[in-house]
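Peer 1: Listed here are the chains, written in short residue letters.
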Amino acid sequence: MKNEYLPYKVTIASIQKESFDTNTYKVVFDDEKTRDSFDYRQGQFAEISILGVGEAPISITSSPSRKGYLEFSIRAAGSLTNKIHEMKVGDSLYVRGPYGNSFPYEETKGKNIYFIAGGIGLPPLRSLINMTMDNRSDFGHIKILYGSKTPDELCFKQELDEWKKVENTEVWLIVDKPCDGWGCSIGVVTELWKDTDIHPKNAVAFVCGPPIMIKFVVQKLTQSGFKDKDIIMTLERYMKCGIGKCGHCNVGEKFVCVDGPVFTYEEIKKIPSREKVI
Amino acid sequence: MKLKKILQKDVEKLLGEAAKKWQTYVPSKNDEGDTLFAILPKEKDELEKALQRVNLKDDWVAISPKEIFFPQVENMFSFDKERITEEIETSKKLIFGIRPCDLKGVLFADEFFKRNLEDIYYLSRIEDRLIVTIGCNTPPRKEACFCTSANTGPFAKEGFDLELVDAGNYYLVEVGSVKGEEFINLYSAFFEDAGDDEAEKLNSIESDAKEAINVKVDFDKALEIMKGDKDLTENYKRIGERCIYCGGCVYTCPSCTCFNVFDDKLGDNGVRRRNWDTCVFRGYTREASGHNPRDEKWTRTARRYEHKLKYDYSVTGTSGCIACGRCLSSCPVNIGMSKFIEEITTNKRNM
Chain R
1 MKNEYLPYKV TIASIQKESF DTNTYKVVFD DEKTRDSFDY RQGQFAEISI
51 LGVGEAPISI TSSPSRKGYL EFSIRAAGSL TNKIHEMKVG DSLYVRGPYG
101 NSFPYEETKG KNIYFIAGGI GLPPLRSLIN MTMDNRSDFG HIKILYGSKT
151 PDELCFKQEL DEWKKVENTE VWLIVDKPCD GWGCSIGVVT ELWKDTDIHP
201 KNAVAFVCGP PIMIKFVVQK LTQSGFKDKD IIMTLERYMK CGIGKCGHCN
251 VGEKFVCVDG PVFTYEEIKK IPSREKVI
Chain A
1 MKLKKILQKD VEKLLGEAAK KWQTYVPSKN DEGDTLFAIL PKEKDELEKA
51 LQRVNLKDDW VAISPKEIFF PQVENMFSFD KERITEEIET SKKLIFGIRP
101 CDLKGVLFAD EFFKRNLEDI YYLSRIEDRL IVTIGCNTPP RKEACFCTSA
151 NTGPFAKEGF DLELVDAGNY YLVEVGSVKG EEFINLYSAF FEDAGDDEAE
201 KLNSIESDAK EAINVKVDFD KALEIMKGDK DLTENYKRIG ERCIYCGGCV
251 YTCPSCTCFN VFDDKLGDNG VRRRNWDTCV FRGYTREASG HNPRDEKWTR
301 TARRYEHKLK YDYSVTGTSG CIACGRCLSS CPVNIGMSKF IEEITTNKRN
351 M
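Line by line, the protein sequences are chains R and A. Numbering of the first sequence is given in this note's numbering, commencing with residue 1 and proceeding in unit increments. Numbering of the second sequence is given in this note's numbering, commencing with residue 1 and proceeding in unit increments.
Hints listed in this document are in silico derivations from the structure and should not be mistaken for laboratory results. Accuracy of the hints is not assured; some may be wrong.
[Stated by the list, open to error] With a cut-off of at most 20 Å between alpha-carbon atoms, the simulated EDC-like pairs for lysine to aspartate or glutamate come out as follows:
1. Lys81(A) x Glu86(R)
2. Lys114(A) x Glu4(R)
3. Lys9(R) x Glu82(A)
4. Lys149(R) x Glu191(R)
5. Lys276(R) x Asp295(A)
[What the hints assert, rightly or not] Covered stretches of chain R, as calculated for chain A (at least 3 residues, CB under 8 Å):
6. 122-135
7. 235-242
By construction, the Cβ of each residue, glycine as well, lies at the ideal position given by its N, Cα and C atoms.
Just chain R, with the same shape it has in the complex (with noise of 0.2 Å):
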């Protein structure tokens, strides 16, 4: 019987900052075998600890099509992260996984393919995301709709002026609060809607973000014309374990960590509203 709470050590290979408090780090697990069976799925969350701090779920951002690494966009919220981000490049960690479903990504090719997502909600999407972009002929058009606070926490800055770029690509960014210069939208991600056509026909919406932007972006959409299955959206909820058994992310009979953290709108519904998972 394989110990599925024993991480394993892994080396930080590259800090790429993201916001004021968001980094993205890069790491490679230190034994080769290890590495080379860690075989995750897009959407997918690992377990990262420091040991002696403790460990904390952490969706895996990096795409399954890109081997040898795994990056995790961290925000420095509680006192895991904070000590990781006092790392360096070359510091260890300790990572298990991969845990929970992932987004489908089979059933969509062919689709148009919307990515919604709210501030620290696009690091869950990435993984997809950049899937999708490696195999872009296999799917419809593409708009990624991206909104925050203010244009500083934005994450993956350069990485949305290369999707920009790619054919049949589009990328809409908003934000609260601009600075000087700011040259998109203003507002909450709803108000996107105003400015592009968010069309039911043949698509796919996949929602990431804080649980008030997801009920917002859910009811546009519904507004729309999706209907419940084809809102896509991964939940975040407080866990330990990661492997269905300590029950805090426990919400109706899910375990959000191995029934999820993808679920669709049409499951979403089944919770009770008080649990507040969106």
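Use these hints to put chain A onto chain R, whose structure you have.
Peer 2: Same frame as chain R, now just chain A:
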């Protein structure tokens, strides 16, 4: 195998023998007067003393025996700068004197820890175990036991290796498995065949035992109600107003399995541990951002009742409540599962 019997005065000797071979857990009275499962020591003098504390009478075992396989705190692995060393416990265990409802709790937890990805810490603890249940002729928690309503007692029907039933100066012994039969063969000196009329005697003890359970609720109706869409928000809110969220009900619950994970570190050395945690605590769902989806008290009350009576049932086909009554017995403000069930099935306020 035929019904067996063992003289009650011989049980002490049997346990003394078994303790040499098994890690033997048996209900024992501690200095404070509480009965809890304790391990019989192997050393002769210590064992003699411990055997005097054994208590197989219908007394309340305060903490459910789930802690034998799922300890309140357990080490997962230790670590230093160089390596991680896992800590797995696999001793050969004899659990002697477990109550039928508690057995249901253990079986429930077994299935839970096997589901999805396997939990190695729990599953290695149960790998080699022998379970001897003891039927309840009278309810250990007179005001709270309601096993007959949920069909979880007062005698076990399956899942045990041996079951003892108090029949005066001896126990009738039912054999539930090959392992149980082997145990009897191994200690054959202590056991003898029960007489032909003893099966009938067993039936009559059982029907008296059922009569002795005072608390009766409509358990099946409660499961039906919970399965449906009936809005119980008002009940949850009212109970939530009185609940002090101490966690006593969940810590004593035989089927609660939630835990927290934390690291203890001194210098370069440390241990990752897990300890019991509970959905009634406010911090249980609080995220690092400060966002807490179950910040309001009543939503935690709702979670607890729905988990036990709705979701456990829909996922496993078995209710998460095994009707032991410990939640009510341990509650400082007189809230309990049987009362909740009574309230929703009769529409009478009782909490």
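Peer 1: Can you name, in rising order, the numbers of the hints this structure does not satisfy?
Peer 2: The structure breaks only hint 6.
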